[in-house]
Amino acid sequence: MEIVFYISGAVAIAATLMMLTRLNAVHALLYLIVSLLAVAIVFYTLGAPFAAALEVIIYAGAIMVLFVFVVMLLNLGRAAIRTEKALLSRASWIGPSILVVILAAEFVYMLDRNPAKAPPVIIGPAEVGLSLFGPYVVGVELASMLLLGGLVGAYHLGWRPRGRRQN
Amino acid sequence: MPSFLIRDSLVLAGILFALGMAGVLVRRNVVFVLMSIEVMLNAAGLAFISAGARWRQADGQVVFLFILAMAGAEVAVGLALVLALYHQNQSVDADAASRMKG
Chain A
8 MEIVFYISGA VAIAATLMML TRLNAVHALL YLIVSLLAVA IVFYTLGAPF
58 AAALEVIIYA GAIMVLFVFV VMLLNLGRAA IRTEKALLSR ASWIGPSILV
108 VILAAEFVYM LDRNPAKAPP VIIGPAEVGL SLFGPYVVGV ELASMLLLGG
158 LVGAYHLGWR PRGRRQN
Chain B
12 MPSFLIRDSL VLAGILFALG MAGVLVRRNV VFVLMSIEVM LNAAGLAFIS
62 AGARWRQADG QVVFLFILAM AGAEVAVGLA LVLALYHQNQ SVDADAASRM
112 KG
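Chains as they are written, first to last, in the working numbering: chain A, 8 to 174; chain B, 12 to 113.
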């Protein structure tokens, strides 16, 4: 189990480093998604499978899709076509692919039903839910208010008066 | 839970946080700054989860859920700000927003 942790941590650090040094925002997004997936495996090795699933679904899924939408919105027209062409070149996807193959190999390794490969202490969704809606229920309410505030704020920032719509 | 795993996961969280902070300080593209902030939030969540695993409590994962919700709201507002900045300046350079006159 420790070896899985160390390989995932190394992949996370490498992917984050590559993300910071990319010039193309889409390439950086690919590396950031790989970094989040690696951190999800680290969560699993620490005995937090629920947090690992949420990391994949919400962070690497929902939030990164928002980023991809905005990056695609930012360069419209001919630049977008050039970006699409550049995405098909080998240099842009070979790096994230290698890192993801390492993570997939770890995943297959952990699927083996060997008790030595399971995390020592697992804190599952049931305990997290009991704690979340028990002592932390005020935090849940505050998070809902925060999300509502974020929704209204994003709508307000994205709203433009009808007469001034020139872009 | 072996203690060296907890220590090393905290070290990993620290490294990821430092990398994110370096990205915020070095990059001038606002989209990259937002992505680096995501890395920093993720590193904070990793620190909470490793502490929760150390004490065998669910509280670490609960705090991670709160970080997740906060990151969602932050990304929605931040990306809306990026789009507004781009419409105003035709650029996503953070230096282009140094003058805040509407």
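It is worth saying that the hints were derived from the structure and are not from the lab.
Keep in mind that this is a model prediction, so the values were computed, not measured.
Glycine is no exception: its CB is placed at the ideal position from the N, C-alpha and C atoms.
Take these hints with a grain of salt, some might be off.
To be verified - Pair ranges (Cβ atoms, derived):
1) A:145 <-> B:95: 42 to 52 Å
2) A:146 <-> B:37: 26 to 36 Å
3) B:109 <-> A:115: 44 to 54 Å
4) A:148 <-> B:22: 27 to 37 Å
5) B:40 <-> A:20: 16 to 26 Å
6) B:17 <-> A:146: 47 to 57 Å
7) B:39 <-> A:147: 17 to 27 Å
8) A:168 <-> B:21: 47 to 57 Å
9) A:168 <-> B:18: 27 to 37 Å
10) B:104 <-> A:127: 21 to 31 Å
11) A:162 <-> B:21: 30 to 40 Å
12) B:101 <-> A:146: 15 to 25 Å
13) A:112 <-> B:15: 42 to 52 Å
14) B:101 <-> A:141: 48 to 58 Å
Outcome of the hint check:
{"no.": "1", "hint": "A:145 <-> B:95: 42 to 52 Å", "verdict": "33 Å, violated"}
{"no.": "2", "hint": "A:146 <-> B:37: 26 to 36 Å", "verdict": "34 Å, holds"}
{"no.": "3", "hint": "B:109 <-> A:115: 44 to 54 Å", "verdict": "50 Å, holds"}
{"no.": "4", "hint": "A:148 <-> B:22: 27 to 37 Å", "verdict": "35 Å, holds"}
{"no.": "5", "hint": "B:40 <-> A:20: 16 to 26 Å", "verdict": "22 Å, holds"}
{"no.": "6", "hint": "B:17 <-> A:146: 47 to 57 Å", "verdict": "24 Å, violated"}
{"no.": "7", "hint": "B:39 <-> A:147: 17 to 27 Å", "verdict": "38 Å, violated"}
{"no.": "8", "hint": "A:168 <-> B:21: 47 to 57 Å", "verdict": "50 Å, holds"}
{"no.": "9", "hint": "A:168 <-> B:18: 27 to 37 Å", "verdict": "55 Å, violated"}
{"no.": "10", "hint": "B:104 <-> A:127: 21 to 31 Å", "verdict": "48 Å, violated"}
{"no.": "11", "hint": "A:162 <-> B:21: 30 to 40 Å", "verdict": "39 Å, holds"}
{"no.": "12", "hint": "B:101 <-> A:146: 15 to 25 Å", "verdict": "41 Å, violated"}
{"no.": "13", "hint": "A:112 <-> B:15: 42 to 52 Å", "verdict": "24 Å, violated"}
{"no.": "14", "hint": "B:101 <-> A:141: 48 to 58 Å", "verdict": "51 Å, holds"}
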